[in-house]
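As a plain string of letters, each chain reads:
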Amino acid sequence: MTDNHVELRDVVKRHGATLAVDGLSLEVGRGEFFSILGPSGAGKTTTLRMLAGFERPDQGDILIEGRSMRQVPPNHRPVNLVFQHYALFPHLTVAGNIAFGLEMRRVPTAEIQDRVGTILDMVKLRPKQDRLPAQLSGGEQQRVALARALVNRPAVLLLDEPLGALDQQLRLDMQVELKAIQEQVGITFICVTHHQEEALTMSDRVAVMNHGRLLQVGSPQEIYETPASLFVANFIGISNSLRGRIDRVDEANCLVRAVDLAGQPTLLARLPAGAGEGSPVTLLLRPERLCLSSEVRRSSYDNELPARISKAIYNGSGMQYQVALSDDLVWAARLSNSSSNQKRFLPGEAVFIRWNADEGVVLSE
Amino acid sequence: MSRRRAWLLGASLADLLFLYAPIVVLIFFSFNASRLSASWRGFTLQWYRLLAEDHALLAAVQNSLLVGLASTFVATLLGVCAAVGLERVPFKGRKLVEGALLLPLVIPEVMMGVSLMLFFALVKVPLSLVTVTIGHAAFNLPIVAVIVRARLRKLDPTLEEAARDLGATAWQAFRRVTLPLLMPAILGSALMAFTISLDDFIVTFFTAGPGATTLPLKVYSMVRSSVTPEINALSAILVLVSMSLIASSLVLQRKSPTQD
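Protein chains in written order, with our numbering: chain V, 1 to 365; chain H, 1001 to 1260.
For the record, the hints were derived by calculation from the structure and aren't laboratory data. For glycine and all other residues, C-beta sits at the position ideal for the given N, C-alpha and C. Any given hint could be a false lead.
[As the list claims (entries may be wrong)] Below, a sample of chain V positions facing chain H; criterion: calculated Cβ distance under 8 Å:
{"#": "1", "residue": "Ala-52"}
{"#": "2", "residue": "Phe-54"}
{"#": "3", "residue": "Pro-74"}
{"#": "4", "residue": "Asn-80"}
{"#": "5", "residue": "Ala-87"}
{"#": "6", "residue": "Pro-90"}
{"#": "7", "residue": "Gly-101"}
{"#": "8", "residue": "Met-104"}
{"#": "9", "residue": "Asn-152"}
[Claimed, not checked] Label pairs and their calculated CB-CB ranges:
{"#": "10", "chain 1": "V", "residue 1": "Lys-124", "chain 2": "H", "residue 2": "Ala-1014", "range": "57 to 63 Å"}
{"#": "11", "chain 1": "H", "residue 1": "Arg-1175", "chain 2": "V", "residue 2": "His-76", "range": "15 to 21 Å"}
{"#": "12", "chain 1": "V", "residue 1": "His-76", "chain 2": "H", "residue 2": "Val-1097", "range": "53 to 59 Å"}
{"#": "13", "chain 1": "V", "residue 1": "His-76", "chain 2": "H", "residue 2": "Ser-1012", "range": "55 to 61 Å"}
{"#": "14", "chain 1": "V", "residue 1": "Lys-124", "chain 2": "H", "residue 2": "Leu-1250", "range": "39 to 45 Å"}
{"#": "15", "chain 1": "H", "residue 1": "Val-1106", "chain 2": "V", "residue 2": "Lys-124", "range": "54 to 60 Å"}
{"#": "16", "chain 1": "H", "residue 1": "Thr-1169", "chain 2": "V", "residue 2": "Arg-67", "range": "18 to 24 Å"}
{"#": "17", "chain 1": "V", "residue 1": "Gln-320", "chain 2": "H", "residue 2": "Gly-1085", "range": "54 to 60 Å"}
[To be verified] Example chain H residues on the side facing chain V (calculated, C-beta under 7 Å, incomplete):
{"#": "18", "residue": "Glu-1087"}
{"#": "19", "residue": "Thr-1158"}
{"#": "20", "residue": "Leu-1159"}
{"#": "21", "residue": "Ala-1162"}
{"#": "22", "residue": "Arg-1164"}
{"#": "23", "residue": "Asp-1165"}
{"#": "24", "residue": "Leu-1166"}
{"#": "25", "residue": "Gly-1167"}
{"#": "26", "residue": "Ala-1168"}
{"#": "27", "residue": "Val-1177"}
{"#": "28", "residue": "Pro-1180"}
{"#": "29", "residue": "Leu-1181"}
Generate coordinates for the entire structure from the input sequences, incorporating the hints supplied.
Below, the structure is given as structure tokens:
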């Protein structure tokens, strides 16, 4: 189950003078839900189009099920693509759209009806099988697009911003539904998205790309908790950062001197690989990992910095604070409203920000 | 505001009067029992009856229909190919081909007629209904190409990619997806081409050989001697046929395939 199902080997693609994809190598396992995450212009859609066969790599090769795709046109590839704006055939009914791929492959009529029926049940569109795409809601169109691709039982399903055109609530529902469908059919999904939460929620593994380059591949947890670079950290979610220098190394830990803060306090953190005493580093902290307290007593936390609340935002499930460590260094802190007698801080209040060494990520520069 | 509206309404009515009054008068007098069209002598259908008995006229009608159908078929086939080629296949000198293709829409028809006549003389093809058909196909081709191309431009190119992705060859993708979506535009432009062919006088005049008389040529030769109520009746029929053809052409072109 861990064999490489899809493999990209040093793929390079130029669009005119710009490098859309720059030496991309990736391996995706069978049955994996794999997401390619990145801002627009990262080269992720180009990558997907090369997998589908609409664009050819200038260099490198793409292998699907161990077979080079270099000479294989889109209609002979064992992949199907769910297009960003669905690209449903406007003149065909829901059932007609879904049957299209099977008809092209000359599947016997009885089997087509069977398979179309099964997939219609799976995406809960049986009652609407005779409608035209224009008569469906956005969410329904999305499910038709998914069904139209899945009914062919491709080795790999490619999804281009599959939830991009849906509104927020539908998006959340579809994230769960898409993941459930993927687990049900067991097909390898490769999904392109610029939406970090979507990628983290649905994927087994995530690849982060920017400017045509692969920055990091890993499980959602790895990507979120141990980002390999400042870009990944920032793209995955808001991160608080602090520049510093390693003062002392103590086995797996180190003391980071915060050079930008008054008095240059030292903070306990995990030692990053390849760093030693004197290395310049950046300390990253997630807003939800910080603890705020106005009490001066010694706490059990490893680290403590004095700060002042500059803004307090109530957003239902939690409180969002902006906390100023100095005149030009403001961090975000997120505290969940997990109990009704939760302490609320007011703007201007002096607080201590506290956290343990484990919560922070240290990037060596 | 309301004065402005009243003014606009008046202007519109004047426009309509200017455009359609002669036609209405013509149709009106086609039912006039008097041979002299100046005064009304009661209602009759005799001019229409006379038309139906005029064998030379019926032959001209037949010629016109024949030329119309054949030239429309050729123009539609080539026009669709030209539209698809220009819109979907990138090639060198596309702008040039595009310009050359659209030129017949703007050059004076007389020039086109004369040059076609000279061309047929040069290649020693005797003038006949065939040369008329070729001439009509030539001026109808750009019309079809322009209308079909406009529709093609509005078509989402990822639809063909989706078809390819689902296992269709390039030809299957065109036939199963693009062609059905273009069909309203193709039929609409074909009707337009057919109408223009039926009505054409100038190019026909230069490219028709002896005996190759189409309806407009016949009407012209009839009018040269005298304007009879028979002409009125014939014109009334032509106006109705042309208008309904053009109307259906417009309806087809406006019809979106996504609507039921």
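How the hints compare with the structure:
no.	hint	result
1	Ala-52	holds (6 Å)
2	Phe-54	holds (6 Å)
3	Pro-74	holds (4 Å)
4	Asn-80	holds (6 Å)
5	Ala-87	holds (4 Å)
6	Pro-90	holds (4 Å)
7	Gly-101	holds (4 Å)
8	Met-104	holds (4 Å)
9	Asn-152	holds (7 Å)
10	V:Lys-124 <-> H:Ala-1014: 57 to 63 Å	holds (60 Å)
11	H:Arg-1175 <-> V:His-76: 15 to 21 Å	holds (18 Å)
12	V:His-76 <-> H:Val-1097: 53 to 59 Å	violated (32 Å)
13	V:His-76 <-> H:Ser-1012: 55 to 61 Å	holds (60 Å)
14	V:Lys-124 <-> H:Leu-1250: 39 to 45 Å	holds (41 Å)
15	H:Val-1106 <-> V:Lys-124: 54 to 60 Å	holds (56 Å)
16	H:Thr-1169 <-> V:Arg-67: 18 to 24 Å	holds (20 Å)
17	V:Gln-320 <-> H:Gly-1085: 54 to 60 Å	holds (58 Å)
18	Glu-1087	violated (18 Å)
19	Thr-1158	holds (4 Å)
20	Leu-1159	holds (5 Å)
21	Ala-1162	holds (4 Å)
22	Arg-1164	holds (4 Å)
23	Asp-1165	holds (5 Å)
24	Leu-1166	holds (4 Å)
25	Gly-1167	holds (4 Å)
26	Ala-1168	holds (5 Å)
27	Val-1177	holds (6 Å)
28	Pro-1180	holds (5 Å)
29	Leu-1181	holds (6 Å)
Hints 12 and 18, counting from the list given before, are not met by this structure.
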